[in-house]
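Chemist: Take these sequences, add in the hints, and give me the full structure.
The chain contents come next:
Number of protein chains: 2
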Amino acid sequence: MKNSSPSFNALLASVPHIASPDQMQRHMSDMSGYEGAMPAVVFRPVSTEQVSAIVKTCVAENRKITIQGGLTGLAGGACADAGDVVISLESMNRVEEIDTIGGVAIVQAGVILENLCHAVQQEDWYFPLDFGSRGSCLIGGNVSTNAGGNKVLRYGTTRDLVLGMEVVLPDGTILNMLNRVIKNNTGLDLKHLFIGTEGRLGIITRLSLRLFPNPQTRATALVALDSFDHVTRMLKEARSALPDLSSFEVMWQSYLVQAALHANKELPFEGSYPIYVLLEIEGADKDTFHDGFHAFLEFLIESEIGRDVIVPQTLEQADSLWQIRDAIGEILRSIRPYVAFDIGIPLKHMPAFIEQVTAVLEKEYPQAINLLFGHLGDGNLHLTTGKLQEKEIFAVEELVYQTASGFGGSISAEHGIGRIKKPFLKYSRSREELDLMSAIKNLINPRDIFNAGRIVD
Amino acid sequence: MKNSSPSFNALLASVPHIASPDQMQRHMSDMSGYEGAMPAVVFRPVSTEQVSAIVKTCVAENRKITIQGGLTGLAGGACADAGDVVISLESMNRVEEIDTIGGVAIVQAGVILENLCHAVQQEDWYFPLDFGSRGSCLIGGNVSTNAGGNKVLRYGTTRDLVLGMEVVLPDGTILNMLNRVIKNNTGLDLKHLFIGTEGRLGIITRLSLRLFPNPQTRATALVALDSFDHVTRMLKEARSALPDLSSFEVMWQSYLVQAALHANKELPFEGSYPIYVLLEIEGADKDTFHDGFHAFLEFLIESEIGRDVIVPQTLEQADSLWQIRDAIGEILRSIRPYVAFDIGIPLKHMPAFIEQVTAVLEKEYPQAINLLFGHLGDGNLHLTTGKLQEKEIFAVEELVYQTASGFGGSISAEHGIGRIKKPFLKYSRSREELDLMSAIKNLINPRDIFNAGRIVD
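As given, the protein sequences belong to chains A and B, one line each in that order. Just so we're aligned, residue 1 is where the first sequence starts under UniProt numbering, counting upward by one. Just so we're aligned, residue 1 is where the second sequence starts under UniProt numbering, counting upward by one.
Bear in mind the hints are in silico, worked out from the structure with no lab data behind them. Be aware that one or more of the hints could be misleading.
Far from chain A, by Cβ distances over 12 Å, these chain B residues were calculated [claimed, not checked]: (1) S20; (2) A82; (3) H118; (4) T314; (5) P366.
So, partial list: chain B residues that the calculated Cβ filter (under 10 Å) puts toward chain A [what the hints assert, rightly or not]: (6) I101; (7) V104; (8) G156; (9) L188; (10) N214; (11) P215; (12) K286; (13) D342; (14) L347; (15) H375; (16) G379; (17) M437; (18) L443.
DSBU-like mimics (lysine-lysine), calculated; alpha carbons at most 35 Å apart, straight line [said to hold, decoys possible]: (19) K363(B) to K426(B); (20) K56(B) to K422(B); (21) K286(A) to K265(A); (22) K348(A) to K265(A); (23) K56(A) to K422(B); (24) K236(A) to K236(B); (25) K387(A) to K422(A); (26) K426(A) to K64(B); (27) K286(B) to K348(A); (28) K286(A) to K286(B); (29) K426(A) to K56(B); (30) K387(A) to K363(A); (31) K286(B) to K236(A); (32) K286(A) to K236(B); (33) K426(B) to K64(A); (34) K363(B) to K391(B); (35) K236(B) to K426(B); (36) K422(A) to K56(B); (37) K286(A) to K348(B); (38) K426(B) to K391(B); (39) K56(A) to K426(B); (40) K236(A) to K265(A).
A virtual CB, placed ideally from N, CA and C, is assigned to each residue, including glycine.
Modeler: See the structure below:
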C-alpha cells in the first residue's frame with residue numbers, strides 16, 4: 001500500500017500501447033540475430049511519469065520489463081522474453097532545449113540520433129556521436145549501451161558526452177540528475193551506474209548532453225603503410241600534429257579488397273600494401289586547416305612512415321573512400337553465418353594478438369575468411385570470421401575471447417554484452433568484479449524486474 | 001575465521017609505519033583548515049598486499065581507517081579522527097611502466113603528480129593534469145577526488161584520464177581493473193564507483209592512466225572584454241577556431257587588481273575593463289600554430305568581441321600573466337577568515353547568479369571583499385569572500401550554496417565534499433540521490449570502516 005500504483009487495466013486505459021501480435025512482432029528482437037519472443041504488451045509512454053507508473057504497477061504485479069529503444073543493438077539486450085511488458089521509449093522523442101550559450105542539449109531519451117544531430121546543427125552547434133544506425137537508433141539506447149563510433153578519438157565515447165540524466169529506478173522512483181556543468185564533484189557520480197549497463201539498473205528518460213562547436217569543414221586522406229608498427233607511429237604523429245583529428249580508421253589489405261568489391265569501387269591504390277589508414281580531420285574553415293593537413297601528409301611520406309597517400313579532390317571522392325570503410329554490412333551478408341567481433345586490445349599487443357588468433361582460425365576453419373579493420377585510435381579492433389557452420393560459432397567465440405583476455409583485451413569495445421556475450425564476460429572481468437557488479441544489480445534491481453538475463457544475474 | 005588476517009602486532013612488525021605523536025602531527029590535517037586529531041598509528045605500506053592486510057586486520061579488530069595522500073585537499077577529507085588507523089599511500093610511489101606505443105602509464109597511487117608528469121615527459125608523452133599543489137599531491141588523491149585544474153577544457157577532468165585502477169575494498173578484497181583500452185563496454189564500469197568518492201568505497205592502490213602527445217609549444221594571451229556576454233561569445237569562437245585551446249581562465253576586474261597587487265606586478269593594461277580572459281593553446285611547433293593564434297586574436301578585436309589584447313613576447317612575460325592568475329594563495333592569506341567557493345554554474349545563468357549573490361553579500365557583509373575568477377570553459381566559478389568573522393562563515397556558505405542551487409549549480413566543481421561541505425550537499429543532490437549514494441556506501445562500506453563522516457553516511 002506504500003507504493004500506490006495504478007492497476008494494469010488503469011495503465012492500459014491511460015498509457016499509449018500496442019497489444020496485437022502483428023504489431024508487436026517488430027518488438028520481439030533487435031539486430032543481433034538473437035531470437036526474442038512475443039511480449040504481453042508494448043507500452044509507448046510519452047512522459048517520465050508514465051514510465052514510473054508502468055514500473056510501479058509491474059512491481060506490484062510481479063511482471064518483468066524489457067526496455068527498448070531503436071532496436072539496433074547487436075548484443076540481444078532489447079529482445080523480449082515471452083510475456084514481458086515492453087517499455088518502448090520511441091514516443092518520448094522531444095528535443096526540449098538547446099542551450100546555445102553553454103552548449104547543452106536537454107532531450108527525451110527516445111529522440112532518434114540523427115534527428116538530434118540535425119536539431120543541434122540548426123543552432124550552429126554539433127553533437128559528435130556517429131555510426132551506421134544513426135537513422136533509427138535512439139539516444140537513450142546509445143547512452144545505456146555507451147555506444148562508440150567513428151569519432152571517439154576526438155570527442156570520447158557516449159559516456160563523455162553525457163552531462164546528466166533523468167532515470168526511473170526499478171521501484172519507480174524518478175531520479176532527476178539533469179546536471180549541465182562539466183565539473184561537478186559532489187560525491188558518487190550516479191549517472192555512471194546507468195551508462196553502459198544496458199537497462200539493468202534504470203530506465204533513462206531524459207538526458208543533458210554536451211555539445212561542441214560545429215565544424216565548418218572536413219578533410220580526408222587514405223594512407224598506405226608497410227606494417228602495423230608504421231600505423232602506431234603514424235597515430236602518435238597524427239595525434240600530435242593534428243589537433244583537429246577526428247577519425248583514424250585502419251583497414252588491413254584483405255578487408256580493403258573485399259570491401260571495394262562489395263561497394264562496387266575500384267581499388268584506391270594501384271599497388272597493394274599490407275595496411276591502410278583512413279584519416280579525417282574536422283574543424284574551422286581557414287587556410288591553416290588544409291595547409292596543416294597537407295604538411296602532415298607530406299611529412300608522412302618524407303619520413304617513410306607512409307608509402308602512398310590519396311587525397312580526394314571532391315566530396316564525392318571522399319565519400320567513396322568512406323563507402324569502402326563502411327561496406328562491412330554488405331560483406332557480412334555474403335559470409336553468413338559469421339561472427340563479427342568487436343574487441344579492445346592494447347595497441348602494443350595488437351600485432352601479436354592478430355598473428356596468434358588468425359593462425360589458429362586459418363588452421364581450424366580453413367573455409368572461413370578473416371577480415372580485420374578498426375577504430376585503431378581507441379584500441380578497437382573489428383574481426384569478422386565467416387562463413388562458419390552454426391555449430392562452430394560458440395567455439396570460435398570462445399577461442400577469440402580467450403585469446404583477447406590473454407592480452408589484457410576487452411571482449412566488447414563498443415557493442416556491449418546483452419544476452420549474447422554474457423557467457424563470455426568472465427574473459428573480461430574477474431570473479432571479484434562480477435561479484436561486485438551482481439551486488440549492485442541486486443541492490444538496485446533486486447527482483448530482476450528490468451532486463452532480466454542480461455550482463456550479470 | 002573466514003577472512004584470516006594478521007594480528008595488529010603482526011602488522012606493526014611487517015608494515016612500515018610511524019607511531020610517535022611528533023611524527024604523526026603532520027598526518028592529522030590537510031589544507032582545508034579542518035582540525036584533525038591524533039591517529040593511533042600511520043601505516044606507510046609499500047604494496048597492495050600490505051594495504052589489503054591492514055584493512056583485513058582493521059575489519060577484524062573493528063578499527064576505523066583514514067586514507068591519506070599528499071594532504072593537499074581543501075575539504076577536510078584526509079583529516080584523521082582521534083585514534084584512527086591512517087593508511088598513507090606516500091610510500092607507494094613507483095611509476096611502474098610507461099607504454100610508449102599505446103600512450104598508457106601504469107603507476108602506484110602514491111606517486112607525486114609532478115614526478116609522474118616528469119617521468120611521462122621524459123618518454124615524450126604528456127600527462128595533462130595540472131594545478132597549484134602539483135609538487136606534493138599524490139595521483140591517488142587526485143583520482144579519488146576527481147581533481148580538476150587548468151586544462152579540463154582540453155583534456156577533461158581526472159576521471160577522463162583514468163583508464164583503469166586497482167582498488168582495495170573495505171573487506172580487504174583486491175579488485176584488479178588495470179584496463180588499458182579507451183573503449184571497454186562490458187557492463188558496469190566499476191572504476192567510476194571510486195573516482196570522486198574520496199575513499200568512501202575503496203583505497204586506490206594502482207592506476208592505468210591515459211597519456212597524450214607531448215605539446216612542443218605554448219602560446220598565451222590576455223584579452224580585455226566589456227561584459228560577461230562577450231566572454232561567452234569569445235569562448236564559443238575560441239573552441240571553434242582553436243583546436244589547440246588548453247586554458248580559458250576568466251578574471252573579473254576586482255580580482256585582477258588585487259592579484260596584481262599581491263603578485264607585485266604592474267597592471268597589465270593601461271585602461272581598466274570589466275573582465276579579462278587568459279587564453280592558452282598548446283600543441284605542435286609549426287608555423288600554422290602561431291599564425292592561427294594571431295589570426296584569432298585579430299578576429300576578436302575586429303569583431304569587437306575583445307577590446308584589447310596582450311600577447312607576451314617572452315616566456316617571462318607569459319609567466320608573469322600566469323602569476324597574476326595564480327596569486328589567489330597570497331590574496332587569501334590577506335583576507336582571513338574567508339570562504340573560498342568552488343562552484344559550478346551553467347554559463348547562461350552565471351551573470352544572474354553573480355549579480356544576485358554579490359548584491360546580498362555586499363549588503364550583509366560590507367566589510368568583506370568578493371573576488372571572482374574561474375575556469376569558465378568548464379562552468380567553474382571561484383568566488384572568495386573575506387574578511388569575515390568566524391561566526392559569519394556558516395551563514396555565508398548557506399547563502400552562496402542555496403543561491404547556486406537555485407540556478408542549477410553545483411556546490412563543488414572540483415574541490416569535493418569531504419567533511420567541510422557535507423552539511424550543504426543537499427543543495428546539490430536530491431533526497432533520492434542522497435538515498436542511493438548512501439545505499440551504495442552501505443553495500444560496499446557497511447561498517448563505515450573507510451573515511452567515516454565524509455560525504456554521506
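Chemist: Take a quick look at whether K286(A) and K286(B) sit within 35 Å of each other, Cα to Cα.
Modeler: Since the Cα atoms of K286(A) and K286(B) sit roughly 16 Å apart, the hinted pair holds (cutoff 35 Å).
Chemist: Say whether it holds or is violated: A82(B) keeps its Cβ farther than 12 Å from all Cβ of chain A.
Modeler: Answer for A82(B): holds, closest chain A Cβ roughly 25 Å.
Chemist: For the pair we were handed, K56(A) and K422(B), check the Cα-Cα distance against 35 Å.
Modeler: Holds - the C-alpha atoms of K422(B) and K56(A) are around 32 Å apart, at most 35 Å.
Chemist: What's the verdict on K236(A) and K265(A), does the C-alpha distance respect the 35 Å limit or exceed it?
Modeler: Holds, because 30 Å separates the two Cα atoms, which is no more than 35 Å.
Chemist: Have a go at the G156(B) hint: is there a Cβ in chain A nearer than 10 Å to its own Cβ?
Modeler: At about 7 Å, which falls below the 10 Å cut-off, the nearest Cβ of chain A leaves the hint on G156(B) intact, so it holds.
Chemist: Keeping to a limit of 35 Å between CA atoms, is the pair of K286(B) and K236(A) held or broken?
Modeler: 16 Å, holds
Chemist: Regarding the pair K387(A) and K363(A), is the alpha-carbon distance no greater than 35 Å?
Modeler: Given that 35 Å is the threshold and the Cα spacing comes to 14 Å, the pair holds.
Chemist: Could you check that no beta carbon of chain A comes within 12 Å of the beta carbon of P366(B)?
Modeler: 31 Å, holds
Chemist: Run the distance test for K426(A) versus K56(B): straight-line Cα separation, threshold 35 Å.
Modeler: 26 Å, holds
Chemist: H375(B) was flagged as interface toward chain A. Is the shortest Cβ-Cβ separation under 10 Å?
Modeler: Holds, because the Cβ-Cβ distance from H375(B) to chain A comes to roughly 8 Å (cut-off 10 Å).
Chemist: Does the nearest C-beta of chain A fall within a distance shorter than 10 Å of the C-beta of M437(B)?
Modeler: Holds: closest Cβ of chain A sits about 5 Å from M437(B), inside 10 Å.
Chemist: So is H118(B) really clear of chain A, every C-beta pair being over 12 Å apart?
Modeler: Fine: 19 Å to the nearest Cβ keeps H118(B) off the interface.
Hint violations for this structure: none, all hints satisfied.
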